[in-house]
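Put chain D on the given structure of chain L with help from the hints.
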Amino acid sequence: MKDIFENEMKLEFISKSSNEAFARVTVAAFVAQLDPTIEELADIKTAVSEAVTNCIIHGYENKQGIVKIVGHLKENEVILEISDNGKGIENVDIAKEPLYTTKPNLERSGMGFTIMESFMDTLDVESIVGLGTKITMSKRIKPKIENEENEFQMITKD
Amino acid sequence: MESKFYEEDKLLVFKITDEIDDCSVQKIRRRADYEMERYMPKRVVFDFDSVTFMDSAGIGMIIGRYKFANIIGAKLEVSKLTQSVKKIFEMSGILKLIPVAHDIEQDARVF
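Chains L and D, in that order, are what the protein sequence lines are. Just so you know, the first sequence maps onto residues 1 to 158 in the numbering used here. Just so you know, the second sequence maps onto residues 1 to 111 in the numbering used here.
Read the hints as simulated data drawn from the structure, not as lab findings. Keep in mind that the hints are not guaranteed to be accurate.
[As the list claims (entries may be wrong)] No farther apart than 25 Å at their CA atoms in a straight line, the calculated lysine-lysine pairs in the BS3-like style are these:
hint: 1; chain 1: L; residue 1: K144; chain 2: L; residue 2: K96
hint: 2; chain 1: D; residue 1: K67; chain 2: D; residue 2: K4
hint: 3; chain 1: L; residue 1: K68; chain 2: L; residue 2: K16
hint: 4; chain 1: D; residue 1: K15; chain 2: D; residue 2: K87
hint: 5; chain 1: L; residue 1: K63; chain 2: D; residue 2: K27
hint: 6; chain 1: D; residue 1: K96; chain 2: L; residue 2: K103
hint: 7; chain 1: L; residue 1: K87; chain 2: L; residue 2: K16
hint: 8; chain 1: D; residue 1: K80; chain 2: D; residue 2: K15
hint: 9; chain 1: L; residue 1: K142; chain 2: D; residue 2: K86
hint: 10; chain 1: D; residue 1: K27; chain 2: D; residue 2: K15
hint: 11; chain 1: D; residue 1: K80; chain 2: D; residue 2: K96
hint: 12; chain 1: L; residue 1: K103; chain 2: D; residue 2: K67
hint: 13; chain 1: D; residue 1: K4; chain 2: D; residue 2: K75
hint: 14; chain 1: L; residue 1: K96; chain 2: D; residue 2: K75
hint: 15; chain 1: L; residue 1: K134; chain 2: L; residue 2: K63
hint: 16; chain 1: D; residue 1: K42; chain 2: D; residue 2: K96
hint: 17; chain 1: D; residue 1: K4; chain 2: L; residue 2: K103
hint: 18; chain 1: D; residue 1: K27; chain 2: L; residue 2: K16
hint: 19; chain 1: D; residue 1: K87; chain 2: D; residue 2: K10
hint: 20; chain 1: L; residue 1: K103; chain 2: D; residue 2: K87
hint: 21; chain 1: D; residue 1: K42; chain 2: D; residue 2: K10
hint: 22; chain 1: L; residue 1: K96; chain 2: D; residue 2: K80
hint: 23; chain 1: D; residue 1: K10; chain 2: L; residue 2: K96
hint: 24; chain 1: D; residue 1: K75; chain 2: D; residue 2: K87
hint: 25; chain 1: D; residue 1: K87; chain 2: L; residue 2: K142
[To be verified] Facing chain D, from chain L, some residues (calculated, C-beta under 8 Å):
hint: 26; residue: S18
hint: 27; residue: E50
hint: 28; residue: T53
hint: 29; residue: E61
hint: 30; residue: E107
hint: 31; residue: S109
For every residue, glycine included, the Cβ atom is placed at its ideal position computed from N, Cα and C.
Just chain L, with the same shape it has in the complex (with noise of 0.2 Å):
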């Protein structure tokens, strides 16, 4: 009988913008399980840079505070929860808005969630005012087992 495939990690970091890389490179590394191309593992890590941007500017406004992310993987699925105590969002309609920021100011686009909701399969926003916000974010990965198998055979093979 096959086992179903199961991982899970939880990473925390303070929220400094330097810090942006580091989450996305190391969740990378930990969907790389699952075996994804290069376009889906850029699709995570841009969805990953994006929330992690977010809490860290949005959230704590660039005060200190920690910054929580929770990967699991299920079979090909990676669903990623992203979470900071920070502020929260008043309207998180609004928030998704494509072009919508509150701090234009600072070149910011407003195209934060369009890209998590059009870069994942599914983008669930929590947030309490005062409190913090969580986004819970999943994409599936195409399984690509029959090439890894035939690769296996020619190798034995030689």
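Coordinates of chain D only, in the frame set by chain L:
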């Protein structure tokens, strides 16, 4: 980021070599604005050939430089967009505003 100014063409080329996110755009922005003001070019090109990662911070950064270029009377273009950079720019619609340059190598021997 590397930059080069072609005096005869009044062309200023920025070749971005970092990953573009909220953290790195602060440096890119400062240096690009400083050099645009210093050289007063007629044409500014951002080269994305070596960009391995970009998120939405890149959109804000380019729009900001586009506005700054307008103020000093220069035209801003982007060039050598990688697949992922193109995907994000297309999503934001800024390519309707900012042209993609194809011919900077002909215009000047870039890098």
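Hint by hint, here is what the structure shows:
1. L:K144 with L:K96: Violated, because 33 Å separates the two Cα atoms, which is more than 25 Å.
2. D:K67 with D:K4: holds (20 Å)
3. L:K68 with L:K16: Holds, because 13 Å separates the two Cα atoms, which is no more than 25 Å.
4. D:K15 with D:K87: Roughly 19 Å between the alpha carbons, so the hint for K15 (chain D) and K87 (chain D) holds.
5. L:K63 with D:K27: Cα-Cα ~20 Å, so holds.
6. D:K96 with L:K103: Distance ~23 Å between K96 (chain D) and K103 (chain L) Cα, so the pair holds.
7. L:K87 with L:K16: holds (16 Å)
8. D:K80 with D:K15: The given pair, whose Cα atoms are some 10 Å apart, holds under the 25 Å limit.
9. L:K142 with D:K86: With a Cα-Cα distance of about 23 Å, the restraint between K142 (chain L) and K86 (chain D) holds, given a limit of 25 Å.
10. D:K27 with D:K15: holds (13 Å)
11. D:K80 with D:K96: Within the cut-off at roughly 16 Å; holds.
12. L:K103 with D:K67: holds (17 Å)
13. D:K4 with D:K75: Measuring from Cα to Cα gives roughly 16 Å; hence the hint holds.
14. L:K96 with D:K75: violated (32 Å)
15. L:K134 with L:K63: Given that 25 Å is the threshold and the Cα spacing comes to 18 Å, the pair holds.
16. D:K42 with D:K96: At roughly 20 Å apart (the allowed maximum being 25 Å), K96 (chain D) and K42 (chain D) satisfy the hint.
17. D:K4 with L:K103: Since the Cα atoms of K4 (chain D) and K103 (chain L) sit roughly 32 Å apart, the hinted pair is violated (cutoff 25 Å).
18. D:K27 with L:K16: Status holds; Cα separation ~15 Å.
19. D:K87 with D:K10: Judged against 25 Å, a Cα distance of about 30 Å means the pair is violated.
20. L:K103 with D:K87: With a Cα-Cα distance of about 24 Å, the restraint between K103 (chain L) and K87 (chain D) holds, given a limit of 25 Å.
21. D:K42 with D:K10: holds (5 Å)
22. L:K96 with D:K80: violated (30 Å)
23. D:K10 with L:K96: violated (41 Å)
24. D:K75 with D:K87: holds (23 Å)
25. D:K87 with L:K142: holds (20 Å)
26. S18: holds (5 Å)
27. E50: Where the cut-off is 8 Å and the nearest Cβ of chain D is about 6 Å from E50 (chain L), the hint holds.
28. T53: holds (5 Å)
29. E61: Violated, about 13 Å.
30. E107: holds (4 Å)
31. S109: Interface hint status for S109 (chain L): holds (4 Å vs cutoff 8 Å).
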